[in-house]
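2 protein chains.
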Amino acid sequence: MNKKVSTIRKQVDSQLLATASLENLYRIFTVPEAPNTTLGAIDKEISLNLMGFLTDRIVAREKSLPAIEQDFQVSKVPEVPQFVSDYTDFVMQKLVAHSVHTAAPGFIGHMATPLPYFMLPLSRIMVALNQNLVKIETSKAFTPLERQVLGMLHHLIFQQSDEFYEENLHNSKKALGTFCSGGTIANITALWVARNQMFKAQPGFDGLAKAGLPAALIHYGYKKAVILVSERGHYSLGKAADVLGIGRNNVVSIDTDSKFKIDLKALRQKCEQLKSEGAAIIAMIGIAGATETGHVDPLEEMAQIAEEFGAHFHVDAAWGGPTLLSNTHKHILKGIERADSVTIDAHKQLYVPQGAGMVVFKEASLLGAVEHHAEYILRAGSKDLGQYSLEGSRPGMAMLVHAAFHIIGRHGYQILIDQNIEKARVFADLIKQHPEFELITEPELSILNYRYVPSHIQMALKKANPKLQSDVNALLDKVTKRMQKQQRAAGKTFVSRTRFSVFKYNKEPISVFRVVLANPMTTVETLRAILVEQSNLAKRDGTQKILNEIRELLELVP
Amino acid sequence: MNKKVSTIRKQVDSQLLATASLENLYRIFTVPEAPNTTLGAIDKEISLNLMGFLTDRIVAREKSLPAIEQDFQVSKVPEVPQFVSDYTDFVMQKLVAHSVHTAAPGFIGHMATPLPYFMLPLSRIMVALNQNLVKIETSKAFTPLERQVLGMLHHLIFQQSDEFYEENLHNSKKALGTFCSGGTIANITALWVARNQMFKAQPGFDGLAKAGLPAALIHYGYKKAVILVSERGHYSLGKAADVLGIGRNNVVSIDTDSKFKIDLKALRQKCEQLKSEGAAIIAMIGIAGATETGHVDPLEEMAQIAEEFGAHFHVDAAWGGPTLLSNTHKHILKGIERADSVTIDAHKQLYVPQGAGMVVFKEASLLGAVEHHAEYILRAGSKDLGQYSLEGSRPGMAMLVHAAFHIIGRHGYQILIDQNIEKARVFADLIKQHPEFELITEPELSILNYRYVPSHIQMALKKANPKLQSDVNALLDKVTKRMQKQQRAAGKTFVSRTRFSVFKYNKEPISVFRVVLANPMTTVETLRAILVEQSNLAKRDGTQKILNEIRELLELVP
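Heads up: the sequence lines are chains A and B, in that order. Numbered by my numbering, the letters in the first sequence go through residues 8 to 565 in order. Numbered by my numbering, the letters in the second sequence go through residues 8 to 565 in order.
Among these hints, one or two may not hold up.
Because identical chains share one entry, a pair is satisfied inside a single copy or across any pair of copies.
Pairs of lysine-lysine, DSS-like flavour, derived with a Cα cap of 27 Å [stated by the list, open to error]:
#1 Lys217 x Lys230
#2 Lys488 x Lys181
#3 Lys217 x Lys231
#4 Lys492 x Lys83
#5 Lys101 x Lys180
#6 Lys207 x Lys231
Since the hints were made in silico from the structure, they are not lab data. Being a predicted model, the structure only gives us computed values, none of them experimental.
Please construct the entire structure, taking both the sequences and the accompanying hints into account.
So, in structure tokens, the structure goes:
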């Protein structure tokens, strides 16, 4: 009896059923989740209190990955349908509980931002409409909207005249950029365009798009094709070189100076050397907000060098691009207006959900280098955006960028960006004043790196010879790695870790904590608390043992 | 006074404000949209009645694109924040109203499907969590979930042993596939793997990934590298060849037979010819559900030929893959289990929102050909999925596929797929019985093509000489194009149009209506009504004039 009642309740609750029949299937398309069902209640909970949902529903303390994997072991598609309420219970307990609270004020380790509330109902509108931006026939007004968003970004960077935008914004033969799932696809698109543009069609040659890269090199008489970027370039650039057939070895890495910016002299010398070796310099990439250190390359000077050597100048501003929305700090990106193309991620400092990347091109005709058509869509002369995109079917994410531009406005973004940078500077000061930490990179935007090194070790390390420095740093790397893992496992706060060459340590790579400040809810108190937590973690036996080894090496009295 | 009250109301309504201040900005991250605000009300409306929302809020009758563009003309990011309620009004009137009701039962022109209700609240959970699947540190349980979804798809296709999945499903050194934004990225990934795998590292050669395609051809002693697919291959394959540096000219197009399937004899001959010319056959692509006609290539036989010539065998099952969930029809895809890789889109016949593509590889080690690492994430030995993906940051869309697999189940999908195919057959019969239409492709899955040709013209055309057939078909193309545009503009129903070679008309390309049946709410009555609507459209003067021209050409008495 009880069982029967519960079964009937489940059917009512879930509006679905555990037997597949035609009639039942129609119901999942026609009968909504009632507010009193499990899933309906969760939906309401999120709508009323997003932060509460994330804080309450995600279990802070880390469950080991192998333990989580136990709940995702079945390798066959289930035969029989499951009740929505049962499935929702599973999702809440096994998935949501063990996901990552990336919007927590103390989660300052990756480029994850909290979402403004309006993003949730607007996302529902977007999902409900389920438009496909590849073509007008499945997106209509979304296509002009996307073009406008790209135009706004274009204007933010390149500041062209009103006439320019009047002519190009909705021009079926032009495109100011493409919207995509993220910065990696944006960077690949920029380099794809640069590659094809360099090896374009000529009498007797079909162009690289048709003839391929090997034939292009032969026709144009080059020995190889290369891309230049500083050693701080994002890993997507190596991936792009692989995908595009250029090869990772042909991503020429340029040294950085003491401020982690590209060494202009080394860049110029390398260009001259490559030219004399018969290499085609497809593109030079300036970084506006390095993934690991947040630094911005000298864009103005790079633009000059790129122009001299006839290379496409791409700026990877996936992280730092929105700095242009701040009149206080936009000068840091000076020279970006001379780029041929720029990548910006909206799911980073534009506070849009995951899956929103953009690349814009200064010249409205450049994307013609990768234009493509089909018979059933993307016909020449149509306004289908799919003619210029690497992806095919795409959701209407541009709507959320459009919304953010309007609801937050440039004024609002300026406050957010200024806050982020100010907070990074404050945190850098806290670290410098703290007797147990060493600041490794001064923040230029809102990213910085540091590590745990008690001041007496710092002082002795400074005076040590290079060999000894290297040995001590190897041990400090262990400390950094250990502490970062422990902090993550504790689940209260999170910093990430990375490893790169540091000028003051003979350009040897060292491991560091990496901090990205982009959450408006992160306060100075949050930052102080993180240093306290880390200081306590360092008192654990394992770390103390390594620190004692270091003291011995440096001949410090324990 | 009134103005002041209205202003205050707006502030209360929208929970935001038209002046950017720090305090106000915090509110957009901390104060939800109340249910009685404009946006809150819309959110509720969608939750309670998705179909009603789409039907009521989207204006059926087409507004011209230039007119829509007027609302998306501004090319500068707005300076001042806008009220959420004002912005919502704009979105509803200017964007939603003029988007496309792709879930309407009469919208049968593209691969757009309606969404089951549970997708909406589950999407909200996904957006709220805002996980980034590129790495464990920003996705945790989502990573094993995604691996499971890929494993389920792998099992559906390749049916490997339990031991195989136990060993590989959560193995940090292996990957059964990658999840991406759509079929195009999936196809590019498959061909990227095939290309790198063919030109892998050897003593004296770093491998294509590092050395690039030109060096790879030289090292391996090939004159060129090619990809083979029938003339019905999706346009993403040409794009893939461009991106990958292979070149569009090196996508070798193979003729199709009278049933729109690849001509196996022609395929084998071409392989032999290419081999003798010193070409490397990187991959051969079988189509399982051609974009335009829905046909499935003879996969078993293609697998055999691919094996003989040492080519990677990729199957593009973006559309047709889910047919494997139907025990009634899965035999149509016989041989797919011999593929090296398979593309399936979840946003097509798996009824998941836009932005969900997958590619799976039979061998769990194949994706190693495109493996990549970075210092701050994707470290070797980690379980970060970003090590194998073309994209970087990615949303947790796999959750929605996981949900659909569980809530719909294989039984549920079987009903959906069987319904789609059955409906296509019924529609084909209606067209064949109708005196005014000509069926051009018999449906194998749930896609078909037809055109408007009154039966007396059809009969005369059949007897005409090739030259006359060609002339008449050119005029009929005009009729098809004209009617399709008129039907779209009327906004009641929608079929798409395409153009391809047809065996019975001397393999000359003709324009046809294209129909994709995937909406469970589309009934036989909907289909009958579409034929009635088209028959009425054909009575318009412009079309009658062309038909009279045709009658004159064919010497038919009007």
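Taking the hints in turn, this is what the structure says about them:
no.: 1; hint: Lys217 x Lys230; in the structure: both (20 Å within a copy, 16 Å between copies)
no.: 2; hint: Lys488 x Lys181; in the structure: between (49 Å within a copy, 25 Å between copies)
no.: 3; hint: Lys217 x Lys231; in the structure: both (18 Å within a copy, 13 Å between copies)
no.: 4; hint: Lys492 x Lys83; in the structure: neither (34 Å within a copy, 44 Å between copies)
no.: 5; hint: Lys101 x Lys180; in the structure: between (49 Å within a copy, 24 Å between copies)
no.: 6; hint: Lys207 x Lys231; in the structure: both (16 Å within a copy, 19 Å between copies)
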